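Engineer: Chain residues, written in single-letter form:
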Amino acid sequence: MTPTPAIPPLEAYLIVSVLLFAIGLTAVLVRRNAIAVLMGVELMLNAANLNFVAFWRYGGAQRMEGQVFALVIITLAAAEAALALAIILSVYRRFRTVNVDQVDLMKG
Amino acid sequence: MIEALHSGSFWYPLAFIIFALGAVVPAVLVVASRNIIHSALWLLASLASIAGLYLLLNAELLAALQILVYCGGIMLLFLFAIMLTPGVGDPDVRVHNQGLFWGLLAALALAAVSLHLLREEDWSVVPAANLRDVTGRLADALVGQYALAFEAASVILLVAMIGAIVIVRTEPRE
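Note that the protein sequences, when read in sequence, are chains A and B.
The opening residue of the first sequence carries number 667 in our numbering; numbering runs sequentially from there.
The opening residue of the second sequence carries number 259 in our numbering; numbering runs sequentially from there.
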């Protein structure tokens, strides 16, 4: 079976990944709410995952490293989200706010 | 259905375009929404579309896990945290911080540089046809060659769970 030219090139997946990463970075840099910042981090992790899976698929798909990487990243993202949201709740109890620019005790 | 998608009909590029737009457009709305609950729901749409992209890439197990873990677990955590904290959709509250201009500039610069580098390379690789038993081989790799990463992930999950409980625990009153 010869692959048909109708299948999108690897570049198409990489462009989607770049756009997702840039949007996630925007959320991290410009949003005030710490939960929205965390959403940006999740978007960036997903962009990296999409890259891993796309390179796995287009790189021969014989070895499974790409998918193993993506699986471990999903696991770590779950752990990270649980911990970060716990920290956000803890910060809210102490400062009565979740806006990252108002939690500035260590600012000189 | 996946075989039909991979047989080179026009459905594959169409599905790719739908899922790619479904991943990128809601992601923009995550950043732009004033209401943080709307942001969370747009994030849900974006993550579900990425699961669709995984399906197109023959990563069926990852697509299922993406739905289960992200659209199920992580999204639930986000909604809980949003409801336990204030400032949902208050029109008087600024949603963007002081660094709006520089943040946008940095993200645009990153996207421009990355896309420029992408265009300079030759990516004309052709994906292997007739993938067989991807999930089975992934399982073999996970409990065989990469058993250490598998075990480490379980330890990390346990530590994160205990850590989250300790962090949000309220101090017993004297």
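It is worth saying that the hints were derived from the structure and are not from the lab.
Since this is a predicted model, take the numbers as computed values, not measurements.
Heads up, a few of these hints could be off.
Examples of chain A residues toward chain B, derived with CB under 7 angstroms [claimed, not checked]:
(1) V696
(2) V703
(3) A714
(4) G726
(5) A745
(6) R760
(7) Q768
(8) L771
All residues carry an ideal CB built from backbone N, CA and C; glycine is no exception.
Engineer: Against chain B, is A/A745 within 7 angstroms by beta-carbon distance?
Structural biologist: This interface hint holds because 4 angstroms falls under the 7 angstroms limit.
Engineer: Per the CB criterion, is A/G726 less than 7 angstroms away from chain B?
Structural biologist: Where the cut-off is 7 angstroms and the nearest Cβ of chain B is about 6 angstroms from A/G726, the hint holds.
Engineer: Does A/Q768 hold up as a contact with chain B if the rule is Cβ-Cβ below 7 angstroms?
Structural biologist: For A/Q768, the interface hint is violated, since the closest Cβ of chain B sits about 10 angstroms away, which is over 7 angstroms.
Engineer: Grab the minimum C-beta distance from A/V696 to chain B and call the hint holds if it beats 7 angstroms, violated otherwise.
Structural biologist: Since the shortest Cβ distance to chain B is 4 angstroms, the answer is holds.
Engineer: Measuring from the C-beta of A/L771 to each C-beta in chain B, is the shortest one below 7 angstroms?
Structural biologist: With a closest approach of 17 angstroms, the A/L771 hint is violated.
Engineer: Min Cβ distance, A/V703 to chain B: is it shorter than 7 angstroms?
Structural biologist: 10 angstroms, violated
Engineer: Have a go at the A/R760 hint: is there a Cβ in chain B nearer than 7 angstroms to its own Cβ?
Structural biologist: Not OK, violated: A/R760 not within 7 angstroms of chain B, min 11 angstroms.
Engineer: Taking 7 angstroms as the limit, does the beta-carbon of A/A714 come near enough to a beta-carbon in chain B?
Structural biologist: 11 angstroms, violated
Of the numbered hints given earlier, the model fails hints 2, 3, 6, 7, 8; all others are met.
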